[in-house]
Amino acid sequence: MTDTENQHAPSATADDAVVDVRDVHYSIDGRAIFSGLNVRARRGLITAVMGPSGTGKTTLLRLITGQLFADSGVVAVFGRDIESLSSSQIYAARRRMGMLFQNGALLTDIDVFENVAFPVREHTDLPESLIRKLVLTKLEAVGLRGAADLMPAELSGGMARRVALARAIVMDPEVLLYDEPFVGLDPISLGVILRLIKHMNQALGITSIVVSHDVQELATIADQSYLLSGGCVVAAGTPQELARSDSETVHQFMTGSEEGPVRFHYPAPDYASQLLGADEG
Amino acid sequence: MSNAARHGTILEGLRKVGVTGIFFVRLLFACVSALARPRLIIAQIYNAGGRSLIIIMLSGLFTGMVIGLLGQDVLRRFGAETALGTLAALGLLKELGPVLTSLLFAGRAGTALTSEIGLMRATDQLTAMEVMAVNPMSYVAAPRFLGGFIAMPLLAAVFSVIGLYGAQLVGVQLLGIDRGVYWSQMQSSVGIHDVTEGIVKSLVFGAVVSLIAVTEGYHAEPTAEGVGLATTRTVVASSVLTLLLDYMLTAVFL
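So the protein lines, in turn, are chains A and B. Per our numbering, the first sequence starts with residue 1, numbered consecutively. Per our numbering, the second sequence starts with residue 1001, numbered consecutively.
Honestly, I wouldn't trust all of these hints.
Stated by the list, open to error - Coverage of chain B stretches by chain A, computed from C-beta distances (three or more under 8 Å per stretch; other residues unrestricted): (1) 1104-1110; (2) 1227-1237.
As the list claims (entries may be wrong) - Taking CB as the label site, the calculated pair distances span: (3) A/D16 - B/A1036: 35 to 41 Å; (4) A/N38 - B/I1055: 56 to 62 Å; (5) A/L85 - B/L1254: 38 to 44 Å; (6) B/R1051 - A/G157: 27 to 33 Å; (7) B/R1051 - A/S273: 43 to 49 Å; (8) A/E114 - B/G1021: 32 to 38 Å.
The hints are simulated quantities; they were obtained by calculation from the structure and are not laboratory data. Backbone N, C-alpha and C define an ideal beta-carbon position, used for all residues, glycine too.
Chain B on its own, in the form it takes in the complex (with noise of 0.2 Å):
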């Protein structure tokens, strides 16, 4: 790569951060008045949560039935089995619940928020509102982003509970841990401090995952081609700051 297009790149890159924060700071100003309209925020939860709530469950159950699989295996040659419980709880709710449901959440509900806002967008629905001097930022982005970044920590907990489960169904049911064994070992082992790190890790990916898909809808080229485009970038951002920030978080909280 050239000097040039590397300079280019490095400003493109900064046009975008640059773009997105102040666009944040708008949206928060919007949030305010968008709290006058509950029903827009909650059907927007519903849209981002309750419609990512089979995928997400399917997900944490596989998941959950690997560390159970693996982890038996692993524990076994050290001769700690009884210890599944722990590694279940800690590796689901602080990492793996937080993360995996970031990248899902990203996929299921940053992509249809992108293409939601880029083509109302391409159709002149927002400049419409803009003529009928209801403001898009509080009528569309601001509920969009709260409904985002309220179902994003609920669906995290969902996937880890369910992910709890899928590890006791195979350690348990499959491979014979004592059921006892796993649930004690569990409770005497995580503390509330584990929990706090998944729920803070799941409501910052949550408002990242958000931002950044209502942000790209919002800014979209008015074709089908920016839509496309837009969406695609939501997907590979969000996913790259959510590992990124996953490996900054868990840092602070060691």
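So here's chain A without its partners, still in its complex pose (with noise of 0.2 Å):
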């Protein structure tokens, strides 16, 4: 390898990265969330980031938004770092993404073509022909071109995210951000939603991060996994490395056993003792 080569190559693989989170430290309150969290998404590539409740799945997307900042660390979206950018530089990112929400966040007062609408009137000057091609169009894509007259509270909740997906792509962003897609969702609206995932990823090239814990599904359609623990990742790789992994927890995590180093009981006093001196308490 040449010295030229050698220079470009960090190069090539930083721009590789849309979402690139390294050594980031977090805490609520004094309580650590993060504490030395990497994670890289990859350009056209669906990254899973999975994990126990609780071990800030969805505080990770609030950074990667620039709604949080780290207390300390790099989140580098789109090869800059969030927190040096001004508050128009962070509109100006946000735009560029997109972000499914777990129960939709529609807003309540429009009906579901103007749902979907909302970002590209807010954003653009098209005319009202084109603007009705384009969200009849997305509508289409998440097969609820039908409902576009119904109102959100008329919606399932299945109905509800793909109406938020459609809203979602709209304004074709690079980096698609999806916050426990999978959840209370039923077979059928979940297996449409995976293929979209799958599909927005393919055809449209979007680089899409799935957080979820619902780590089947993801195996199906995740290029590369993160399993998130404690605050940090404990293992990473594809669906097929993680399951192969010989981690204690990472087995725990993808065969869902009580058992293992991630404890199901919340800290408490011993079972025993606290049932047998409840009375005298």
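Bring the two chains, given one by one in their own frames, into a single complex with the hints.
As structure tokens, this is what we get:
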């Protein structure tokens, strides 16, 4: 390898990472959420971030979208440290991202069509006819063109999430962030959402970061997985590599066992003595 | 109450004033960009004003009728029934119109604003806007503040006008005061400064109630209980501040 290639190599990998979280520490009210977190999402790939509830997966998404800032460490989005950006630059970066919220977070006072049209109306001056075509195209992609006139309150949970997905992609983002996209879905909606995530990635080349604890579902679509526990990454690799891992934590999480390093029970005094001591207390 | 608890309450109160003050400045900046969205503001004028119209008109009518009844009774003892027009006009334009409208407005429109914004917070709608690079301050908070600020003086005016007819209904139609005297007494004794006082008061009350309602909603705990508590705080704070400010403004205009 020549010297020139050596110099180019690091920058080439840096460009490759759309989102690069390096050694991030973050705590809320003195409780450490992240202590030395490292996560990279490479361009054009589906990156899965898995972990038990309460490991700060949603907090990670808030750090990436610049709603929260890390106590220390770097959150680089599109190659720039998000903390160094002005608020208008953060807004500009957010326009290149889409985010799917767990409950959809549709605006409840406007109908489905207007919800999907919302970012377009806010950020562009496109003529009404073009907005109409754009919105109907995106609604068709999630199979809800016929629901354009419904109000969010009339939608089921799965439908609301598909509308929210249509809204997230209407501005053709480079990165899509999914917050627990599989929670509480029936098998059909779940299959549809899974295929949509894969489709967005393959057909449109959208870099995707999926935050979830549904290991089986993620394993079928993820290119790269991170397993979070105790504030940092305990395992990283393809889903197949994680499945073969001999780490106890990874094994416990992948198989859904109660026994293992991750405690199912919240810390409590001894069970027997608390039950027996109840009368005296 | 112990000293420490008292200090805690005072500190909490000061903190609240600070939060509201900072929020108010941010809100004013957001109002500038919200002016580019006149449709949102008009929708909020309808929400805060149009939808409060019935309750304001009914309350105005009954208030006026009471003034007619009470005024006729009291003034008759001094042989001054003919001054009913003056009494009704000054009472409604300067005090009852702005104050009662403000109290009703806090209960009808203020609570609706607080719970709506609080629920938008609780259901991640405000966060979703931020992620979509839309500032919820200028899309949600500012139009609602401006809508309330504009609607409140209009409602107070409606209240006062309907009240004058209510007083006339009882004083003139029922109790036999001369119609010509009722209106001419009013014309000769009410000056433009009396009307101005009412308008200034209703503008101030409109700004204060709308600000409190939007602030409480925006900072509500994102839970069912939190939104409920915030709504209660809106009514309590708006009502007390309305009456306090009314005293101060009346003193200023004397």
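Against the structure, the hints:
| no. | hint | in the structure |
| --- | --- | --- |
| 1 | 1104-1110 | violated (count 0) |
| 2 | 1227-1237 | violated (count 0) |
| 3 | A/D16 - B/A1036: 35 to 41 Å | holds (39 Å) |
| 4 | A/N38 - B/I1055: 56 to 62 Å | holds (59 Å) |
| 5 | A/L85 - B/L1254: 38 to 44 Å | violated (54 Å) |
| 6 | B/R1051 - A/G157: 27 to 33 Å | holds (31 Å) |
| 7 | B/R1051 - A/S273: 43 to 49 Å | violated (60 Å) |
| 8 | A/E114 - B/G1021: 32 to 38 Å | holds (35 Å) |
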